[in-house]
Amino acid sequence: MAMLTPVLLSGGVGSRLWPVSRELHPKQFLALAGELTMLQQTLKRTGDLESSPPIVVCNEEHRFMVAEQLRQVGITASALLLEPEGRNTAPAVALAALQEFARDPEAVLLVLPADHLIRDTAAFAAAVTRALPLARAGRLMTFGVVPSAPETGYGYVRCGAALGDELFELESFVEKPDTATAQSYLDSGSYLWNSGMFLLRAATYLEQLGEFQPEMLAACRRAMSAATADMDFIRPDAEAFRACPADSIDYAVMEHTAQGGVVALDCGWSDVGAWSALWDVGTRDPEGNVCQGDVMLDNCRDSYFRSESRLVAATGVADLVVVETADAILVADRNQVQDVKRIVNRLKQEHRPEVALHSRVYRPWGSYESLVTAERFQVKRIIVNPGQTLSLQMHHHRAEHWIVVHGTAEVTCEDKVFMLAEDESTYIPLGHKHRLANPGRIPLELIEVQSGTYLGEDDIVRFEDVYGRNTPNTSATEKTQ
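For the sequence shown, full-length UniProt numbering gives the first residue as 1, with consecutive numbering after it.
Accuracy of the hints is not assured; some may be wrong.
[Claimed, not checked] The calculated lysine-lysine pairs, modelled on PhoX-like cross-linking and capped at a C-alpha distance of 25 Å, are:
{"id": "1", "residue 1": "K176", "residue 2": "K341"}
{"id": "2", "residue 1": "K341", "residue 2": "K380"}
{"id": "3", "residue 1": "K433", "residue 2": "K380"}
{"id": "4", "residue 1": "K433", "residue 2": "K416"}
Calculated from the structure, these hints are not laboratory results.
Produce the entire structure from the sequences given, and follow the hints as far as they go.
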């Protein structure tokens, strides 16, 4: 019998969770509810199932973060599929279905957004087990979450005739309702929250997609037939995929198919779509506050406070969300946090870097963080993961001083290669080819002092790069460090 293959969709940006979630480091890569990131939690919960290694669908900018987060939890993906551009969930699932169908024509896919929270993983596994026979028989099963409140922030699915224990025919999808309509859905008992999770045979999905969206399927087939391998990644052909129409799996297939089904799911699910969701699922103090990080409160109630880099103190407030990062602070009414997206849109319009990047910027080899920026000099903290290597590069306008504070560095400067231990330093003159590597088993941490007439991240000439960033596929955001 064909094995179950988890498919994780990791393409979202989580703009309503700004300033912690940003375009180049969105919520699926963040530890928002526990020690593991949302992506890692999603991977781990599939471990309760008898399943094959997962497929992860992500974009170019996030590919190395996905690979690193899989490595951290000891999971090897069967495929890391890189979308050349975002085309919503229907094409993303089609890429995964084509990939897995080529390996196993009977494959069943468990399609999961990588940024959802499930507190009762046993209940989730039980729901998958209940729905699996119907999926193997050709039903396109969606998971409908048993509603706990008349929620207006979710879409709903309407259940039809019973197909088994907590299993139903799919009657229809309905958009996010107003409060009165949501209450009527709750009262009827026939409506469940639309979770965006699916269980389906790859062959059935491709067949139905071809019936209702033939242009989409054709574009995905062309993209996968011309796909190339790049290290651990599979790159569908960019030109073919860009010709693909964009649509969600709900609109493209599920609203039209006669083979839809619903499995009811009661598992403490949340799509963590706004800061209020983390207040909902968090551990509250006697006054109803949820606190993370260095927080000091006096006479506060029913609020969410998160500190990432310094003390956050509050007195005499209620129903607030206060989120602090090293370079931005958000203060919002807890009941209006969906409007954070308007702030993000303004940041985009004004071309503010805070919309995309943190002060700590993640790279395939590790990360760097700007500590001091002034005229003609800049100080950074650089962390290189064990066994990783930066590109062989050169700068036209700046020199660099490196001081190792933790671990061991292998330094290349022109034709010299030498080691630096803790408390040792070196100087990289302007215009010299150089490379930094961590040959050790612990993270390498160093302080870099840059000095020169221009300190922009685009002052780089890359000669060699183990991550392939000196290829035409390199995105503009990766042409640094």
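These are the hints, each one checked on the structure:
1. Only pairs whose Cα atoms come within 25 Å are accepted, and K176 paired with K341 is accepted, the gap being roughly 17 Å.
2. Proposed proximity of K341 and K380 is contradicted: the alpha carbons are some 30 Å apart, above 25 Å.
3. Our distance criterion of 25 Å between C-alpha atoms is met by K433 and K380, whose separation comes to about 20 Å.
4. At most 25 Å may separate the alpha-carbon atoms for a hinted pair to count; K433 and K416 meet this at roughly 10 Å.
Checked against the numbered hints above, the structure violates only hint 2.
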